[in-house]
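Take the given structure of chain A and dock chains B, C, D, E, F, G and H with the ligands to it, following the hints.
Okay, here's what each chain looks like letter by letter:
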Amino acid sequence: MQNDVIMAGFGGQGILLIGKMLAYTGMQEGLEVSWMPSYGPEMRGGTANCTVVISDRPVGSPVIQSPRAVVAMNLPSLDKFEPMVRKGGLLLINSSLIDRSSTRDDIRILLVPANDIAMELKNPRGGNMVALGAYVGSSHAVPIDAVERVVRETFSSKPQVIDANIAALHRGYELGEQAVA
Amino acid sequence: MQNDVIMAGFGGQGILLIGKMLAYTGMQEGLEVSWMPSYGPEMRGGTANCTVVISDRPVGSPVIQSPRAVVAMNLPSLDKFEPMVRKGGLLLINSSLIDRSSTRDDIRILLVPANDIAMELKNPRGGNMVALGAYVGSSHAVPIDAVERVVRETFSSKPQVIDANIAALHRGYELGEQAVA
Amino acid sequence: MSEAVFKNPGSLADVQTHYCPGCTHGVIHRMVAEIVDELGVKERTIGIAPVGCAVLAYNYFNLDFHEASHGRAPAVATGIKRARPDLMVFAYQGDGDLASIGAAEIVHCANRGEKVTVVFVNNAIYGMTGGQMAPTTLPGQIATTCPTGRDTDLAGFPIRIAEMLSTLRTPAFIARASVHKPIYAVHAKQMLREAFTYQKDDRCFSLVEILSTCPTNWGIPPAESTEWLEKNMIPYYPLGVFKRPDGEDRAPLPIRPARRPHHAE
Amino acid sequence: MSEAVFKNPGSLADVQTHYCPGCTHGVIHRMVAEIVDELGVKERTIGIAPVGCAVLAYNYFNLDFHEASHGRAPAVATGIKRARPDLMVFAYQGDGDLASIGAAEIVHCANRGEKVTVVFVNNAIYGMTGGQMAPTTLPGQIATTCPTGRDTDLAGFPIRIAEMLSTLRTPAFIARASVHKPIYAVHAKQMLREAFTYQKDDRCFSLVEILSTCPTNWGIPPAESTEWLEKNMIPYYPLGVFKRPDGEDRAPLPIRPARRPHHAE
Amino acid sequence: MSQIVINPDRCKGCELCVHACPQKILGMGKTLNAKGYFYAEVEEQKRCIGCRLCCITCPDVAIEMHSHGTMYHYFSY
Amino acid sequence: MSQIVINPDRCKGCELCVHACPQKILGMGKTLNAKGYFYAEVEEQKRCIGCRLCCITCPDVAIEMHSHGTMYHYFSY
Amino acid sequence: MAKKLMKGSEAIGEAAVQAGCKLFYGYPITPQNEIPEYMSHRLPQIGGTFVQAESEVSASNMLYGAAGSGERVMTSSSSPGISLMTEAISYMAGSELPVVLVNIMRAGPGLGGILPSQADYFQATKGGGHGDYRLLVLAPWSVQEAADLVQDGFDLADHYRNPVMILGDGLIGQMMEPVEFHKDRKPIKELKEKIWAATGYDGTRPRAIINSLFLDPATLEKHNHKLQAKYAEMTRDEIRYETYGTDKDYDILIVAYGTVARVCSTAMEDLEADGIKAAMIRPISLFPFPYEAIRKAADKADAVLVVELSAGQMIEDVRLALEGNKPIHFHGRMGGMLASPEEVMEKVKEIKAGKSQEVSHV
Amino acid sequence: MAKKLMKGSEAIGEAAVQAGCKLFYGYPITPQNEIPEYMSHRLPQIGGTFVQAESEVSASNMLYGAAGSGERVMTSSSSPGISLMTEAISYMAGSELPVVLVNIMRAGPGLGGILPSQADYFQATKGGGHGDYRLLVLAPWSVQEAADLVQDGFDLADHYRNPVMILGDGLIGQMMEPVEFHKDRKPIKELKEKIWAATGYDGTRPRAIINSLFLDPATLEKHNHKLQAKYAEMTRDEIRYETYGTDKDYDILIVAYGTVARVCSTAMEDLEADGIKAAMIRPISLFPFPYEAIRKAADKADAVLVVELSAGQMIEDVRLALEGNKPIHFHGRMGGMLASPEEVMEKVKEIKAGKSQEVSHV
Ligand SMILES: Cc1ncc(C[n+]2csc(CCOP(=O)(O)OP(=O)(O)O)c2C)c(N)n1
Ligand SMILES: Cc1ncc(C[n+]2csc(CCOP(=O)(O)OP(=O)(O)O)c2C)c(N)n1
Ligand code: SF4
Ligand code: SF4
Ligand code: SF4
Ligand code: SF4
Ligand code: SF4
Ligand code: SF4
Ligand SMILES: [Mg+2]
Ligand SMILES: [Mg+2]
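Chains as they are written, first to last, in UniProt numbering: chain A, 1 to 181; chain B, 1 to 181; chain C, 1 to 265; chain D, 1 to 265; chain E, 1 to 77; chain F, 1 to 77; chain G, 1 to 362; chain H, 1 to 362.
In short, the hints are calculated from the structure, not lab data. In this text, all values refer to a predicted model and were calculated from it rather than measured experimentally. Just so it is clear, CB atoms sit at the ideal spot from N, CA and C, and this is done for glycine as well. Please note: incorrect hints may appear among the correct ones.
Claimed, not checked - Covered stretches of chain D, going by a simulated chain C footprint (3 or more residues, C-beta under 8 Å): (1) 11-19; (2) 187-194.
As the list claims (entries may be wrong) - Below, simulated DSS-like cross-link-like pairs (lysine-lysine); rule was C-alpha separation at most 25 Å, straight line: (3) K35/F with K231/D; (4) K20/B with K4/H; (5) K222/H with K80/A; (6) K296/G with K352/G; (7) K4/G with K158/A.
Said to hold, decoys possible - A short list of chain F residues far from chain D (calculated; beta carbon distances all over 10 Å): (8) Q23; (9) I25; (10) G29; (11) K30; (12) Y37; (13) E44; (14) Q45; (15) K46; (16) R52; (17) I56; (18) D60; (19) M65.
Looking at chain A on its own, in the form it has when it is part of the complex (with noise of 0.2 Å):
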């Protein structure tokens, strides 16, 4: 089994951030795992992304471009990557930025207010976590507690800001198990 996905955004939204999160959970459970920026030309420009790659065998191509899922964090990330999503696949977009959906009918769409639930939770900066979780939940590639540790483990520094993040990460995921279900 492997899951991979692209999440991409801002630079400032943390999506490197919840993709080595993510990364760094696949590795804890005993998977392969590897996580790839975008370095390229694009940084400049003020966006960014990642691919992350979870699998119960090595990683062969760690650059995806098919990806089972793309988490789509504002406007020009989901006009790159959405017609990269693999048939089947999930796209994830970030409605409190993005004003339109998708009109892909072959993949599931998966329309999360992340910046909107993280405002309700006065926790302005924890978009990207609702995000997270939201993957988490639709995807299950790792288990939402074993994320929910690694949550505590990144933020150890600043233990003030734990419980908002777990609580943006809870709210996501719900959001993506419902998705699904």
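Leaving out everything else, chains B, C, D, E, F, G and H with the ligands in the frame of chain A:
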């Protein structure tokens, strides 16, 4: 027919110059020629040599391992090049500066007191011309009058030395011819 | 009738740059373009883009442009100027490009007195590659390759290019300016104008070092960056003209050795 | 009993050099060896041979030696010294090597304040390759690549390395001496001793520029060469100490930006 | 009379012009432009003295100044 | 008492020592050494003042100075 | 040690530290800046030294000096920076110094781009610098392997007294994967004391002279023969490669190295699902090159497909291995474009279908 | 014009001048100092400019700039100096600039020695610098041919907008031979106006941007495809070689280039005297390489002998040409040692006698 010769001595004895004049004469005579100087580590050591090839067909290797003739103007040059002379070839020794002959019995040996003759002719720097003349006299690689024209041309900007050099050339030539005879 | 009294100069392309918000590379670009316009030399000016954040400068100027390999813009400039002395040639270089890898090229370009103009943008950091220490990084300043701040015992003190080049005997125009605030920018533009004018008059090599901000890699928002520059950089990098071509008399000391050197034969 | 009061120093190999008659490279070699002996550091000294006439220096010193590629001796010295700070490291370089191709390396070695010693032999010409123009060739001086004499309009003025390096803020010892006559050589040796001593005391970078003759490529016999040097080189290349490490106070200006620079994520 | 025109699509929201204006009549807007930046706006055009400091300071040539009639320049630029 | 010893095989005949000697007691010989150079010789040892200038000036370390008994040095080297 | 999730660049840095490298001299260039950055904070922790050189020319000469003093030293760069090191690399090879050089390749030529490429294969394996010298070139395909090869690289460099190059592409430098460092790793070669190092001459051994100059041609020729004998020894003992699926039957043999081989391995799985039998051989040592192994592996196949992120450079070595015995096909991407598993599958299917054009023979 | 007796280095300089080269940027290095020295006095006579650069790095970047302005420009150096130029050479190839580069090879690696060598074959033909680029490489065997190839080189460089390298050895640089320059020499290619040159943008043509940077990988890949297409065109149109004695029957085919081919030609004559039949093929263009011609010439022979002043570099291309069809033997000298006709004869006799060991296949 090919003639080839290595001319060797101290830097400053005018070895490279007579080599060039020989090659130039060959070219003037419509022959194929090449002139190859030593430029290796020995240069700073104060010795110099060059290889001249004159042929009626395109010159093959411009570097000759077993030359048909060697002109040794000082002892280190004799030591170095004596063993290389091709069987039946010519070894011309400047006996003014070298007080030994050669023990080889498979080559022709010609002792020329080049510097002494030059001194005699009141042309103390003309030892190289004597040697050139002697080589031409004993090899007939080029006609001596063609060499004379080249000498005139070469020194055209210093007319005062022309006659002395031509005298030296001819004295050498005579010695060379006698030896062959 | 309304008339635009300040607008995009003709020598600047009407496109958005890739520079980070508040990065003063943009100000310097505009001023160089304005001067090319003002001097009326647009049709015979060649710019040289460095390797650094300004690597894409060829997209931003409405001029013929030439790339240089990292640090070698002064050599490329020399190549062009010697080939076509009728052209105006300027090299645009960052501090990593000019003061680090390109130190030999700038010293020798200046020392040969090539009649080119160098716009030297000193932002005390490697911008393009993500904030490594430059030879111009200030003591104690943090960078990704000096994570606890530049330690002068290990890396020495920042190099002052304008001062160093000014010691060369060959006539030149060498100045330092800053663009962190508009009033400094006005002065910077005067320096640039003077520099380009020396070239236009076929007089000498000219170089203007311009202090510039790098909000992204300094990790300081744009407006604060200007304060940081003023407080920290200007004391170490004083502004002003360091050398003018007429500052030294040009008596050529005609010395010749006794004879022509001869080769070992 | 007779005692040798002047003889081949122990750090100098007892062999004949390949240098031309009267070439003062030999004098400089001997003095460096004498100082290594006098300071008692022979067992922990590494010399670096340049690419130039002194390329074979490793044959002439009784010391461990390291080759450098052309101009990069200061980088090689840096490599060794950082790896083994307990060693004494000196680079021996010619003017083509140091001032031309190696300009960036010497500037940055000095600017980082590497605790090495550079013996810089300025003979105003490329000796090894047969007399081409060096950056130090005097105006009007003939060389094989400036057959009518150095034209300062085309090649600029000779570069004064000691002066240029002395403008760097990093503490250092920088001096210029000459060995064309014995009394100058005595002074040169004092400069060299001071330079090596700064390194021995782990204090700073040190460089002594030493004016030297090249009778062969100047085309001037040895004794006349010394006169030529005195008459032509010394006026352009004044002798003396240009910088001592205590000449500048070392207050380290501890500046830090407001926050740690962050990468674009 | 000077008029300041800020091109919203060129502005990167660096706020340098806001700080540069001696009259403090520039401010940051609340809307994002196409590139995702909050861009600068002229808040009180009529107090503008036409000093051009905002234009000079803007790294993105996002600010133009137009004049109606002849203008006196405080300094040459 | 100082004694100057010139090694004929080391000497390259540059004549620098001849010029350096304040007593003018060194000169060039008339014989060639192995390398083909006319080498320097001490012409009048007894006038030597032991100043070492010849030693210091010789680029080929061809000159040694020996002393008999304690010597006063004119200058430190 | 437990597994850590690390960027390839950082894993390379840490592997060097674990291998006893205390000195790093380098100059920034994308996409490997994280190596010098990592070293700048890591080396001081272990009493080592990081020096940011003023250029790659200088960095490589610093390395030259430091290696000559017998220490374990490393530098890293990317394509244009490596070009600037070629003179010093030739010197180090000529002086027989053990150093580890890392090239995280980006797209060229010239300034090119910063995305992954394998277009420096020739430069690495045939000699970018002048003269007859060879680097021992190792090409990892994962972060773990990058770390392992760096450690092995130090041992090999010391054993052969020869520069070793780790040839990775941008992906290797930038991606994160789990890495494990083995605490009690033993050197893979018996390591002798470096009595040749220049550390000061105290008379107890011959003088140490680190040098590549031999003015006498006969001596220089002898020196070259010695170098060639060493390269022959490497060719005998240091060939590394891995095969995938060669135990079964197959029609197509894929030859690929570095991360693009992972792309091919994904393609292989998908091909299998489609009923097409392919196997792969992955050279790990690029010099010495596994000619013999490739020739053998090709025996079973009808055709060979070489996949590279270049216009086709390793393909020359594959052609030398096969000497016309099998048809060879090529799939290459350039400019920072990556080959995808889909493309590779497509190409294999074309070959099967007789629709792919064979690489011309001469 | 009448024949002149000229040193190879000077003939190269004069040929450049005759070809309209008005600019030379260079740095001294033995054994080619006579080229810059010649240019320093010659160019001012024709209103041209000689610049002594501070280094080869700088010289090559000066060349880069000057070529970008559309002028005919040249530099020359020898092995270590060429290594320092590799970065800029890659830039020039990437930016498609016509320049002529002369490498008078000396022995390596490292500082090596100053005597003749052919050990930079790989560097010249496979790319010493990073990225997928090719130089058009021409190797003369006489002073006259050196002069001719320099002139042709300028035309080829302009035509293809590509750097051309003249690859000679120390002998070519140092020896004197008669040379003739033809007054009314016509360009060997139709030359177009250099509208791409950066000479100032006046609006009458698109902006000229001399550049090798393409941050977008798809664009960079396209650019690379364009370069590759150009190299394919060269491979189709610019192969040069000469054969000697191939009209007769022969047992041994010698493959050699540069001055060592002359040594072989002398050996051939002597072999003929001894009744041994040998022929020779001499590649003149090393890239593009005459694979096809060598394959054909080898048809008649029982064995092929490659002679090089290196450890064996061109031999790889000969092996690619022959693909195992004929046994290949090798005779190489290194370090500045020259192969002699006697050695070559000896080797041929050994081959005939079955006493020479064939070069191993893989
Ligand atoms: C030979 C080479 N080395 C290194 C690099 C990587 N590099 C690109 S830009 C740069 C430094 C840029 O810094 P600076 O010159 O200060 O310009 P800034 O970005 O700060 O304006 C470096 C090291 C390169 N492209 N080529
Ligand atoms: C990369 C490189 N470029 C050029 C050379 C040729 N070269 C050898 S020595 C030298 C210059 C020597 O001059 P200098 O440094 O002044 O030393 P000198 O011989 O005068 O003592 C040059 C250019 C080289 N060996 N390597
Ligand atoms: S990284 Fe720094 S120098 Fe580069 S564009 Fe951004 S702010 Fe400007
Ligand atoms: S060429 Fe000049 S510097 Fe070199 S050894 Fe001879 S005199 Fe000395
Ligand atoms: S200075 Fe320019 S870019 Fe910055 S906020 Fe003002 S208008 Fe926008
Ligand atoms: S012109 Fe001056 S006063 Fe008017 S908005 Fe700009 S800065 Fe403010
Ligand atoms: S020691 Fe002094 S006096 Fe005696 S020979 Fe030498 S220079 Fe002359
Ligand atoms: S100085 Fe030395 S080498 Fe020169 S002549 Fe005197 S003894 Fe001989
Ligand atoms: Mg910078
Ligand atoms: Mg010199």
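Checking C-beta pairs, does the segment 11-19 of chain D have three or more residues closer than 8 Å to chain C? violated (count 0)
Assertion that E44/F lies outside the chain D interface [Cβ separation over 10 Å]: Since the minimum Cβ distance to chain D is about 19 Å, E44/F lies beyond 10 Å and the statement holds.
With a cut-off of 25 Å on the C-alpha distance, tell me whether K222/H and K80/A pass. holds, 21 Å
Within 8 Å of chain C (C-beta), three or more residues of the segment 187-194 of chain D: violated (count 0)
Within a Cα-Cα threshold of 25 Å, do K296/G and K352/G meet the stated pairing? Distance of about 21 Å is within 25 Å: holds.
Exclusion check [Y37/F not at the chain D interface, CB over 10 Å]: violated, 7 Å
So is K46/F really clear of chain D, every C-beta pair being over 10 Å apart? Since the minimum Cβ distance to chain D is about 15 Å, K46/F lies beyond 10 Å and the statement holds.
K20/B paired with K4/H [C-alpha distance capped at 25 Å]: holds, 12 Å
When you check the alpha-carbon spacing of K35/F and K231/D, does it fall within 25 Å? violated, 32 Å
Does K158/A lie within 25 Å of K4/G when you go C-alpha to C-alpha? holds, 21 Å
Per the stated criterion, does the least C-beta distance between M65/F and chain D lie above 10 Å, as a non-interface residue requires? violated, 4 Å
Status of the stated non-contact between D60/F and chain D (beta carbon gap over 10 Å): violated, 5 Å
Against the hints set out earlier in the document, violations occur for numbers 1, 2, 3, 12, 16, 17, 18, 19.
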